[in-house]
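Visitor: Below, each chain spelled out in residue letters.
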Amino acid sequence: MGGANRSPFVTGWMWAGFAFLYIPILSLVIFSFNSNKLVTVWAGFSTKWYVALMQNRQILDAAWLSLKVGLANATIAVILGTLVALCLARFGPFRGRALLSGLATAPLVMPEVITGLSLLLLFVAMEQALGWPAGRGVLTIIIAHATFSMAYVAVVVQSRLTGMDPSIEEAAMDLGAKPAKVFFVITLPIIAPALVSGWLLAFTLSLDDLVIASFVSGPGASTLPMVIYSKVRLGLSPEINALATLLVVIVALGVITAGILMAHQERVRQRDIQLAIAGNK
Amino acid sequence: MSRVGYLPLGDRLAMSAEPLVRTLVNIPPIRLLLNFLGRFAPGGRGLVILVPYAWLAFFFLIPFVIVLKISVADQIIAQPPYSALYEITEKGYLMIKLNLSNYKFLLDDALYWKAYLNSVKIAFFSALMCLIIGYPMAYGMARAQPAWRNVLLMLVVLPFWTSFLLRVYAWIGLLNNNGIINNILLGLGLIDRPIVMMKTDFAVYVGIVYSYLPFMILPLYTALEKMDMTLLEAAADLGCRPFKAFVTITVPLSLPGIIAGFSLVFIPALGEFVIPDLLGGTDTLMIGHVLWDEFFSNRAWPVASAVAIAMLSLVLVIMFVQNRLQRRAEAA
Amino acid sequence: MTEGKHPEAPVSEPWKDPHATPYIRIQNVTKKFGDFTAVNNVSLNIYQQELFCLLGGSGCGKSTLLRMLAGFEEPDGGQLFIDGQDMAGIPPYQRPVNMMFQSYALFPHMTVQDNVAFGLKQDNTPKSELWERVKAMLEMVKLGSFASRKPHQLSGGQRQRVALARSLIKQPKLLLLDEPLGALDKKLRESTQFELMNIQEKLGVTFVVVTHDQEEAMTLSTRIGVMNAGQIVQVGTPTEIYEFPTSRFVADFIGSVNMFQGRIVDEDNDYVRISSDEAGCTIFINHGVAAPPSAALAVALRPEKIVISREAPADTTENCTHGVVEGIAYMGDVSVYNVRLHTGKLAKVTQPNLVRHADTINWDDHVYLHWHAASGIVLTV
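Chains as they are written, first to last, in my numbering: chain X, 1 to 281; chain L, 1 to 332; chain D, 1 to 381.
Bound conformation, chain X alone (with noise of 0.2 Å):
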């Protein structure tokens, strides 16, 4: 690799950068195969943290009540994130629309221990007041996590939405479709890959929210990261490293057959650019 223009210091530093990032990563998986109880010094090969792993009702009754979270969470994200875009890249000047824009862009700058804080605030005066919602949990974090991702659910679609064509928009209704008709069968189809980026983005910063589930949460309702960082709090632990080894090869092998189906989709569309030069002809 190395392109032109480039000095043997940027090269150098670059490649120092990504040791940077990526020894942490590195050091987790390693360790999590070390038989020794003391994380850090090395003891020999084993793969006993992860059967322990396996056997910790607690975390894994966590992660699966992260998933679910999680699942919730991205679905309403999405579905209250794309009207907030709509109305902010589609319906021009209405009244109020300067107070919505600031309070759909509001979360993704507001500290997390604010938004926490106020949020469970406002649950407890919502039970004294309504007795609703009677204690605090799932619920409670779904709706403190979709207020925040909505946000930037929000602004990846509004940026699709303004660097779409508005004629593709026009020429459906031109052609006698309504409003909703275009919405659902030409602008959805199109913004879809926002919406999916969106989902994504919404899940993840779900699953790794500690300070706001931590917050609205209560009794019971314990998430993935609030039971690592119960864990991690009181010190290293072998089976934390194998909970982190097993996400880091989930996220790989995503990210590689993402590449492997993004590498074919790259040779149809060549493929497709040659076609449309050839019946150029």
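Since the hints were derived computationally from the structure, they do not count as laboratory data. None of these values were measured; they are calculated from a predicted model. One or more of the hints may lead you astray.
Cβ pair distances, simulated, as ranges [claimed, not checked]:
1) GLU240/D / PHE40/L: 53 to 63 Å
2) VAL381/D / LYS244/L: 49 to 59 Å
3) ALA57/L / SER148/D: 43 to 53 Å
4) THR248/L / ASP35/D: 36 to 46 Å
5) GLY102/X / GLY281/L: 12 to 22 Å
All C-beta atoms, glycine included, are put in the ideal place defined by N, C-alpha and C.
Please build the complex by placing chains L and D on the supplied structure of chain X, with the hints as guidance.
Guide: Chains L and D alone, transformed into the frame defined by chain X:
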């Protein structure tokens, strides 16, 4: 660990998912479903605006009003542990009690001041270090051969999809007194006694720089990649030496990227809780951590609320400054 | 330039018939975007089966006018009638109008046939009839074998034809075309122009075309409406617009022109004499003009209507001036001469290259320019 930096990532992901999703939406059942929705879904601008508006107003705006309210309440021993803002007295009068002592408390107690300033300091120097480390990386990536660029970009983005908490946790294993770094150094005989790195400000800096470095690289890369390379050729043609061309052309043109990257690191680092909690010592005061402690350890909800309001004002000021700088850089 | 339709050709000219009812009636229509007036009090009639071109530079309001006909913009003032029906408040999806977009706006996730079928599906056309019509339409635009391709698998010219087929499938009585040929390269554009005209004639559809390309407008249209700064400055057949511009703007905008300032020294019902210091001679024009005597005016002379020669013509008293050749541009079919007149004004003259190795005029030659009494156009505005 607010995640503004995820956004450039979302855009990239959307771009690469494009062809795949194109084929997906043409699967007959999905087409039928969309057609069905198009015909029968409740439409109307009003509803489209109302639903997200109501959600955001209820779950985002009102909570802040409540935080504001509680920040001026009294601490009492009750569940929940704060007094009511107003009460109807026996004679039917509405009595409103505003208690500004929580804010006074923030000003009087040096702990809060220190935490405040220390957060700004740590966030600022972390962002600066990210810039120093990230700029050459982004530059190298943007000047790599096109086929390699996406791979390198993937390498920057990839750590995000693994857990943030676990990546911070990894540093405990590296920095501990009996951690990997100390073990290696001891093993090589370079030191005879472990260097204390955990529970120090140094560890917090390492943690923040490590966690937020990609947020710096992505906007820098975007700015550098779209730069017109013929500008540098023109400069060379006019007799400008490479380093001077870099300083007078490349850096000013990447200024929007620098500002964006800087704030993407600075803003979330400011309110960071996990990193100072896991890697920092007891003297590493950061405002996000103080809020957490007030709330969970001291059950001082009114004080925690006052801290939140103070923190929010700081974020607003920074956003304002960043916005102005960004606009000026883009206009130039 | 005007090889398309001639006014002599047996085309009906409904705009000359005071009893004809216009298909589109635009009455005092105004559209503002904030402080900017995009369309300013425009009134215009367009008749059935016309191929009407709105011609103007960018930002002149031509596209806005078109979008108001399609229903994407609502006028701020005035009225629009299509086929006698007031269009106020009627959404695009209920108008008897279809549009072909400048970007073609093909649905990227649909095949060619699904794109073309889209309009019919919205009307719940029975399946068998629908696909028959789609097939016939694709045959007509010569895309029969591309039915199952996606837009990104097509070349620019093919996409243009898909867009055309899609906008014609509902058999609209009125088709709006926004820069229909703008995205095509020059060669393709020429052949497509004629295809477009053939289709229009075959289907008997009224076309309203927006273009910034005067050559395209000249070739295609029955009539042209020249727009400037939100207003229509002249409406007429291509010949009228070219040969009889009514303002300096139109004369200058369409083709190239030499403009000489002058004033009337002698006039009658059937002639006018204008003295021009810029031209350096008296200009005689063999028809009368409606201008106050001694008013400042301009005479426009098309470069191809001036004859250039090294020898003085027989009559040098009127419509004849002289100067020195400053530049020659050889274009193949014609040559363009830049002549510095003795008055200091630069004049442009084009001459067809009739012979291969002619004893041509050279740089720095002293030349005479003369023209026919019918060539000058008197412009008062």
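Visitor: Now tell me, hint by hint, if it's right for this structure.
Guide: Against the structure, the hints:
1. Between GLU240/D and PHE40/L, the C-beta spacing of about 54 Å keeps the proposed range 53 to 63 Å intact.
2. At roughly 57 Å, the beta carbons of VAL381/D and LYS244/L sit within the given window of 49 to 59 Å.
3. Between ALA57/L and SER148/D the beta carbon distance is about 48 Å. The supplied range of 43 to 53 Å therefore holds.
4. Evaluation of the 36 to 46 Å hint for THR248/L and ASP35/D yields a pass: the beta carbon distance comes to about 40 Å.
5. Taking the beta carbon of each, GLY102/X and GLY281/L are about 38 Å apart, not inside 12 to 22 Å as hinted.
Taken one by one, the earlier hints fail for this structure only at number 5.
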